[in-house]
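The task is simple: from the sequences and hints, build the whole structure.
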Amino acid sequence: MTPAQTINALRRADQVARRAMAMGRHPFGALLVAPDGETVLAEQGNIDTVQHAESTLARTAALNYPGEYLARCTLVSTFEPCAMCAGTIYWANIGRVLYGAEESALLALTGDHPENPTLSLPCREVFARGQKPIEVIGPVPEVAEEMIATHRGFWEQRGR
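The working numbering puts the first residue of the sequence shown at 1, with every later residue one more than the last.
If you're looking for bench data, these hints aren't it; they were derived computationally from the structure.
Being a predicted model, the structure only gives us computed values, none of them experimental.
Beta carbons are placed, not taken as given, at the ideal position from N, Cα and C, and that holds for glycine.
Everything hinted at is true.
The calculated label-pair distances, taken between Cβ atoms and stated as ranges, are: (1) 153 x 72: 32 to 40 Å; (2) 145 x 5: 15 to 23 Å; (3) 91 x 153: 29 to 37 Å; (4) 11 x 48: 20 to 28 Å; (5) 66 x 108: 34 to 42 Å; (6) 69 x 3: 23 to 31 Å; (7) 153 x 36: 31 to 39 Å; (8) 153 x 131: 38 to 46 Å; (9) 112 x 67: 33 to 41 Å.
The following block contains the structure:
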């Protein structure tokens, strides 16, 4: 993906996250982008604490596209995928992950909030334990603050 495609995709994922938030869900958004770096094949907002945007999107992608094709696709996420989502992305055979802000930035916002108990396990570490390469791009400094801003107000309103 070009730098412009990267920024556009992350901003579109943030729009998906904002839609999820408008429905009362946690504000995470994900896209599946075709090998051309432009075509959005699917988008998914967060559903609940088990059906994250990224894992739900990866499972749907695996049902609808062959693994050889997904290996050339990019899963775009507003935040670094958690360990559960990284595992699902791996098993779905999606070849590249692009995220806007890292998990540690989310932890700084949520702390020990019971609705978002983060796992301190970077997706690169999860993928490194596998038998096939998954390319990881992120965080993206040009838009990281935009991704974080979506969450800032949300978690402040949720209290602890």
